[in-house]
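Undergrad: From first to last, the protein sequence lines are chains A and B. Under numbering that gives the first Met the number 0, the very last position in the first sequence is 351; numbers go up by exactly one each time. Under numbering that gives the first Met the number 0, the very last position in the second sequence is 351; numbers go up by exactly one each time.
Honestly, I wouldn't trust all of these hints.
Given that identical chains are not distinguished, each listed pair holds provided it fits within a single copy or across any two copies.
Taking lysine-lysine and the DSS-like style, the derived pairs with C-alpha atoms no more than 25 Å apart in a straight line are [claimed, not checked]:
hint, residue 1, residue 2
1, K255, K26
2, K189, K224
3, K311, K26
4, K331, K224
5, K189, K255
6, K203, K331
7, K264, K190
8, K203, K255
9, K331, K311
10, K309, K325
11, K325, K189
12, K255, K18
13, K309, K18
14, K224, K154
15, K325, K18
16, K325, K203
17, K224, K255
18, K18, K224
19, K18, K156
20, K325, K224
21, K190, K331
22, K203, K309
23, K189, K331
24, K26, K325
25, K309, K255
It is worth saying that the hints were derived from the structure and are not from the lab.
Number of protein chains: 2
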Amino acid sequence: MTTESNPSFTPLAEIGEFKLIDYISQKFHQRNASSLKLIGDDSAQLYYGNNHSLVSTDMFVHGVHFDLDYFPLQHLGFKTVVASISDILAMNGRPRQIFISLALSNHFSVEMLDLYYEGVLAACEEYNLDLAGGDLTTINRGMIINVTAIGEADKEKVVYRNGAQPNDLVCVSGDLGAAYLGLQLLEREKKVYLANPSIQPELKEENQYLYQRFLRPDGRDDVIKFLADNHIVPTAMMDISDGLSSDIMHITSQSKAGVRIYEDKLPIHPATVDVAEEFGMNPTTCALNGGEDYELLFTISPAHYEAITKNKDISVIGHITAQTGKNELVTKGENVFEMVAQGWQSYGSNPQ
Amino acid sequence: MTTESNPSFTPLAEIGEFKLIDYISQKFHQRNASSLKLIGDDSAQLYYGNNHSLVSTDMFVHGVHFDLDYFPLQHLGFKTVVASISDILAMNGRPRQIFISLALSNHFSVEMLDLYYEGVLAACEEYNLDLAGGDLTTINRGMIINVTAIGEADKEKVVYRNGAQPNDLVCVSGDLGAAYLGLQLLEREKKVYLANPSIQPELKEENQYLYQRFLRPDGRDDVIKFLADNHIVPTAMMDISDGLSSDIMHITSQSKAGVRIYEDKLPIHPATVDVAEEFGMNPTTCALNGGEDYELLFTISPAHYEAITKNKDISVIGHITAQTGKNELVTKGENVFEMVAQGWQSYGSNPQ
Numbered sequence: 000m001t002t003e004s005n006p007s008f009t010p011l012a013e014i015g016e017f018k019l020i021d022y023i024s025q026k027f028h029q030r031n032a033s034s035l036k037l038i039g040d041d042s043a044q045l046y047y048g049n050n051h052s053l054v055s056t057d058m059f060v061h062g063v064h065f066d067l068d069y070f071p072l073q074h075l076g077f078k079t080v081v082a083s084i085s086d087i088l089a090m091n092g093r094p095r096q097i098f099i100s101l102a103l104s105n106h107f108s109v110e111m112l113d114l115y116y117e118g119v120l121a122a123c124e125e126y127n128l129d130l131a132g133g134d135l136t137t138i139n140r141g142m143i144i145n146v147t148a149i150g151e152a153d154k155e156k157v158v159y160r161n162g163a164q165p166n167d168l169v170c171v172s173g174d175l176g177a178a179y180l181g182l183q184l185l186e187r188e189k190k191v192y193l194a195n196p197s198i199q200p201e202l203k204e205e206n207q208y209l210y211q212r213f214l215r216p217d218g219r220d221d222v223i224k225f226l227a228d229n230h231i232v233p234t235a236m237m238d239i240s241d242g243l244s245s246d247i248m249h250i251t252s253q254s255k256a257g258v259r260i261y262e263d264k265l266p267i268h269p270a271t272v273d274v275a276e277e278f279g280m281n282p283t284t285c286a287l288n289g290g291e292d293y294e295l296l297f298t299i300s301p302a303h304y305e306a307i308t309k310n311k312d313i314s315v316i317g318h319i320t321a322q323t324g325k326n327e328l329v330t331k332g333e334n335v336f337e338m339v340a341q342g343w344q345s346y347g348s349n350p351q
Numbered sequence: 000m001t002t003e004s005n006p007s008f009t010p011l012a013e014i015g016e017f018k019l020i021d022y023i024s025q026k027f028h029q030r031n032a033s034s035l036k037l038i039g040d041d042s043a044q045l046y047y048g049n050n051h052s053l054v055s056t057d058m059f060v061h062g063v064h065f066d067l068d069y070f071p072l073q074h075l076g077f078k079t080v081v082a083s084i085s086d087i088l089a090m091n092g093r094p095r096q097i098f099i100s101l102a103l104s105n106h107f108s109v110e111m112l113d114l115y116y117e118g119v120l121a122a123c124e125e126y127n128l129d130l131a132g133g134d135l136t137t138i139n140r141g142m143i144i145n146v147t148a149i150g151e152a153d154k155e156k157v158v159y160r161n162g163a164q165p166n167d168l169v170c171v172s173g174d175l176g177a178a179y180l181g182l183q184l185l186e187r188e189k190k191v192y193l194a195n196p197s198i199q200p201e202l203k204e205e206n207q208y209l210y211q212r213f214l215r216p217d218g219r220d221d222v223i224k225f226l227a228d229n230h231i232v233p234t235a236m237m238d239i240s241d242g243l244s245s246d247i248m249h250i251t252s253q254s255k256a257g258v259r260i261y262e263d264k265l266p267i268h269p270a271t272v273d274v275a276e277e278f279g280m281n282p283t284t285c286a287l288n289g290g291e292d293y294e295l296l297f298t299i300s301p302a303h304y305e306a307i308t309k310n311k312d313i314s315v316i317g318h319i320t321a322q323t324g325k326n327e328l329v330t331k332g333e334n335v336f337e338m339v340a341q342g343w344q345s346y347g348s349n350p351q
């Protein structure tokens, strides 16, 4: 459990569930007209009028998805919200409400709960969200978080994973692989610290970008807005949570198509390249298999090529092919490899 | 961990998250027109037209809310859904979709997951629900479940906790206290078994009603239908999860009113009386403080008295008063006591 700067420790049981909920919810105020009734009754009440609602739910477990030894609680609050609303954005929706269930051990204090919700509040401010409900319970050890995100979308503009067509351009926002290397750096610092607690962890300034990408990723609502402003409706879209090579296969398999990705088009931050080399890893492998980037991966008609290049934070990395099930990477040396799913899975051969 | 009848054990990791999700979702088929898109994309897509949506989320933790030593997984699947949709019913809504997140240790097999979802499926059939999404992840030990329930309600007929008026009748469905005693019986059997594992637990036939009330409670959608059929819109409503005396205070405090409950009107099953006496407990105390009944507690205008008495499964147990904050119990001996909140709280002096 991380040592927070606030030295006071008020046990949660001293306050009680109902007062804790009051205490938390007082810090949030309503931001969306669709939030008719928030915390305080049996359920929240929402109304989206003619729009459709989008719902996604995600569970985060200490020791599996995050490690409280190095994950500041404010960042955790922010990141768990971003990871959840990212699924709404990936359907071309606008996230509006979040519901947070927490199971906390008695190592948790009111002060620590406060830090977590500071991060949640920061995300609500950043993405214009309402905290609309939740649950709060005990657990023997650790911390479990479940976030349900709800958003709205215009009926005609919801984007699934199954609409990619041959010759569509494959686009990705931001850059890839940085979050994965941020995690590797933090894990390395933890090992050094555990081996010799007198050595203070050394979080190098030049690696700040990687730490931030892992600890406090951005939700790409700006990309959704850019697409809308430019009248671009992607043919397929999802967010990159497991890693590009794994996630693109959801699009190609559901669209009954194939894909060609070009290594030299992959957006990789210079800091990602440096640290990958420090770890003896190939930066391309990090970009393909890293995961937790929370960038948007989408396909568009070639007719939108010119419009999409106006946004310098979106890269065209390949195109959809008619060869169903063929997911190919064209390397810088112009070799062609079959991509394999190797993302972070909660279950499977490569659990995080 | 309970020993299930199926002796085979297929590790979850052998199948992997995505295939497990496919495997589970194949057993469910769409039941509601409002479910436009279910499992298989970034989020579910729903449309309620002119109706409002109601959303509630609940977390259930092994060792806090349930004990796998004696909780059959099928019943657990059913109960976790009922507990969640009960919050939608309590707003006078019609539950439509559920989202289930599970964190499971590697003591869990695919066969055990199957049993849990058998119970979920039974609840979906019983209450006409769609399993619309979820998450599946690992945990070091135990089992954590989060259920988000979504329903719809006519704009004009949503019922909150804050509308009770002086002289309104206080009504409750079913009977109270049985679930609490079912739990006491199961805990006693577990202690006997742990003290001497050669003694098989003795689940007496005459106590079946109490076991069932705890292990597989009903959601009272029939009551919501009865109210609608009889054009009765309660002035306030909630479900009884923490216990009558604790829950009625949410209604009186939010309605800025008081209440008088009459002990001789409390609906208590004969089996509840018998077992309470066996434990040396007062049946009234069990009915007031037991919790987990998932019955509906609501207030109606006195004008509906005749209509409500047509339903033999609804009891009028008292009335709302103008004395804000006075929550009184009139005993059979006509003494008047102030009721105190003593329900099951996840945090507080009396954790379950």
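Undergrad: Evaluate each hint against the coordinates.
TA: Now the hints, each set against the structure:
| no. | hint | result |
| --- | --- | --- |
| 1 | K255 to K26 | between (47 Å within a copy, 24 Å between copies) |
| 2 | K189 to K224 | neither (39 Å within a copy, 57 Å between copies) |
| 3 | K311 to K26 | neither (37 Å within a copy, 45 Å between copies) |
| 4 | K331 to K224 | neither (33 Å within a copy, 66 Å between copies) |
| 5 | K189 to K255 | neither (44 Å within a copy, 53 Å between copies) |
| 6 | K203 to K331 | neither (31 Å within a copy, 73 Å between copies) |
| 7 | K264 to K190 | neither (35 Å within a copy, 64 Å between copies) |
| 8 | K203 to K255 | neither (45 Å within a copy, 57 Å between copies) |
| 9 | K331 to K311 | within (22 Å within a copy, 77 Å between copies) |
| 10 | K309 to K325 | neither (30 Å within a copy, 66 Å between copies) |
| 11 | K325 to K189 | neither (40 Å within a copy, 56 Å between copies) |
| 12 | K255 to K18 | between (52 Å within a copy, 18 Å between copies) |
| 13 | K309 to K18 | neither (50 Å within a copy, 39 Å between copies) |
| 14 | K224 to K154 | within (16 Å within a copy, 31 Å between copies) |
| 15 | K325 to K18 | between (56 Å within a copy, 20 Å between copies) |
| 16 | K325 to K203 | neither (41 Å within a copy, 61 Å between copies) |
| 17 | K224 to K255 | neither (28 Å within a copy, 45 Å between copies) |
| 18 | K18 to K224 | neither (38 Å within a copy, 34 Å between copies) |
| 19 | K18 to K156 | neither (42 Å within a copy, 29 Å between copies) |
| 20 | K325 to K224 | neither (32 Å within a copy, 53 Å between copies) |
| 21 | K190 to K331 | neither (35 Å within a copy, 67 Å between copies) |
| 22 | K203 to K309 | neither (34 Å within a copy, 74 Å between copies) |
| 23 | K189 to K331 | neither (35 Å within a copy, 65 Å between copies) |
| 24 | K26 to K325 | neither (50 Å within a copy, 30 Å between copies) |
| 25 | K309 to K255 | neither (30 Å within a copy, 58 Å between copies) |
In the structure shown, a violation is registered for the earlier hints numbered 2, 3, 4, 5, 6, 7, 8, 10, 11, 13, 16, 17, 18, 19, 20, 21, 22, 23, 24 and 25, in ascending order.
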